[in-house]
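*Asks:* Going down the list, the sequences are from chains D and A.
Here the first sequence stands for residues 0 to 346, where the numbers follow numbering that gives the first Met the number 0.
Here the second sequence stands for residues 0 to 346, where the numbers follow numbering that gives the first Met the number 0.
In case anyone wonders, no lab produced these hints; they're calculated from the structure.
One copy or two, either will do: identical chains are not told apart, so a pair holds if it fits within one copy or between any two.
Using 30 Å as the maximum straight-line C-alpha spacing, the simulated DSS-like pairs for lysine-lysine come out as follows:
1) Lys156 with Lys207
2) Lys187 with Lys80
3) Lys229 with Lys85
4) Lys85 with Lys207
5) Lys261 with Lys85
6) Lys281 with Lys46
Every value quoted in this text rests on a predicted model; they were computed, and no experiment measured them.
Number of protein chains: 2
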Amino acid sequence: MIPASLCKKAGMIMTQGLQSIAFEQSPYVVSSASVVGKKEGEGPLGKMFDMVETENLFGEDSWEAAESTMQKEACLLAMGKAHLHKEDVRFLFGGDLLRQGIATSLGVMEFGIPMFGLFGACSTSGEALALASMSVAAGYGDYMLAVTSSHFGSAEKEFRFPLSYANQRPLSAQWTVTGSGAFLVGRKRSHVRITGITVGKIVDFGLKDSQNMGACMAPAAADTIETNLKDFGREPDDYSRIITGDLGYVGQSILFDLMRGKEIDIKKNHIDCGMMIFDQNKQDTHAGGSGCGCAASVLSSYILPKLERGEWKKVLFVPTGALMSTVSFNEGASVPGIAHGIVLEHC
Amino acid sequence: MIPASLCKKAGMIMTQGLQSIAFEQSPYVVSSASVVGKKEGEGPLGKMFDMVETENLFGEDSWEAAESTMQKEACLLAMGKAHLHKEDVRFLFGGDLLRQGIATSLGVMEFGIPMFGLFGACSTSGEALALASMSVAAGYGDYMLAVTSSHFGSAEKEFRFPLSYANQRPLSAQWTVTGSGAFLVGRKRSHVRITGITVGKIVDFGLKDSQNMGACMAPAAADTIETNLKDFGREPDDYSRIITGDLGYVGQSILFDLMRGKEIDIKKNHIDCGMMIFDQNKQDTHAGGSGCGCAASVLSSYILPKLERGEWKKVLFVPTGALMSTVSFNEGASVPGIAHGIVLEHC
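My request is simple: use the sequences and hints to build the entire structure.
*Replies:* Here is the structure:
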């Protein structure tokens, strides 16, 4: 436990436990933007995204370059909404699902913003928001940019088969969202603050099915949600919503089981970005959406506006990631999960 | 520019420029550890590493699992040297070169330390040390763990060919170091402090040769060194050494050319971890060592002891990364670089 005097000095207070930080001077989500592909634009949240590209190559020659372009557009839109320029942003925290994070590196390169490349699988938007808010709260700069993306075409190629192979997908499989979300976190007042974070630890239940990511990630989500409630001394009802990233239908049902085992009932106010972004019946997306861009684009387009309007007062945003690669999968390693918790409040 | 009042409050001062932070209450490198493979143990620094494994699988079944084991061992040794337990570490910042960072995820998983997964190619040790020191200086915790690794076997498989293919390597190619370095950064007094950082931005000179990483990374190193000197108002001579990560022989010569163009002479006090870890003549390593584990293991085994003894007073440690994947390379994308600067001082 950190001595309170020390924490006060740095403009923050610590909660009990090792995983959480409660900011005394909470940073604001100054602005955000979402950029998505055609299918996402046709889904239930279609009208809420800032930019829907009807052509999934985004004018580029490859899926990877398309993903880079999405990140760039999302960052430009977020900065534009806040009337800020790239020179105003002190650090950029970004990541994606591709090997060696090339969608991010090649996407944000031209901004020339000092950057930290991240990898947390589909939890990366939470990781980026955690580090951005820690940096702003510590006084390291007025504005930080957090950005993540995923692309159905590049992700299928990276993790499964090239699209032209037209492989069959089991019903537990999720559909990688083509999308990016960018967030400017800073000191400038807005109507949403990041008041706390719960940094995830890796949780491994020994599952090995890479076509059932929801099941692999649910234990990490349960761990982070339980820890957050304990660290902040809250009940599930204290949150207007507890929002996981992309557990999907299979993962949600496992999460509920796990939480029941902990005697915590989150059924009433739990929603999942992966279950919201597509219409399961009409869009043939099986267990729901997934990917670094899923939680990020839903946070920007759907969650933040509700917080801004005060329709929701306080939410716990918990993007979840499955930590695996084709190599670890082929070598028979299990697929552990990680989930980071971000407390967002209307103000 | 950040108002000084704000920065003072958070226990830090800011320097001019957007990339650097000078810590007022500088965190200490409390302890560190290095774990390397057989070839590294036979090199010029062989006797300085904490652990040299004579069998490169480290008792595991795959190169990837071997790399995970190295990270775990390095973390355990670093914590052991400081007489600390995993529960004492608030956050872990770690990364490696493999797709989706599995060496790190599967390596540090069992510690259960809340973690941030990073990707900065071979610059990741700098990225991890930057975030760890930012977190300690801000008061987010007493101890942070920064760890990175690379493994010749897993890296060849990831980026080039499986070892059994026995491919020919051009003379500009570097030899990926089998090694890991772990660093405990914290408030507990030691004889080395991290007094400042310069966060790198991505620099692209349009080079596309993935077998000449030194050339791809040299522009980023030049940019970060120049920025660091400017931001901190220093001359090259103010540093006992300016130490790049793994530019190797080719990269060093390009770095000198670039610095001459900036009218900065670093020839007298520049050294490169990739040039030190192997004996170029006897070990057939062509342009030198490379990899996330190169700079990290040399920092722990060679650089930190010199700082501890006061033999060196102040060094600028600049690990460099080449941002590419086999996919981006095959698609004809350039290989941009990034380099993070860490100022280490004897105290």
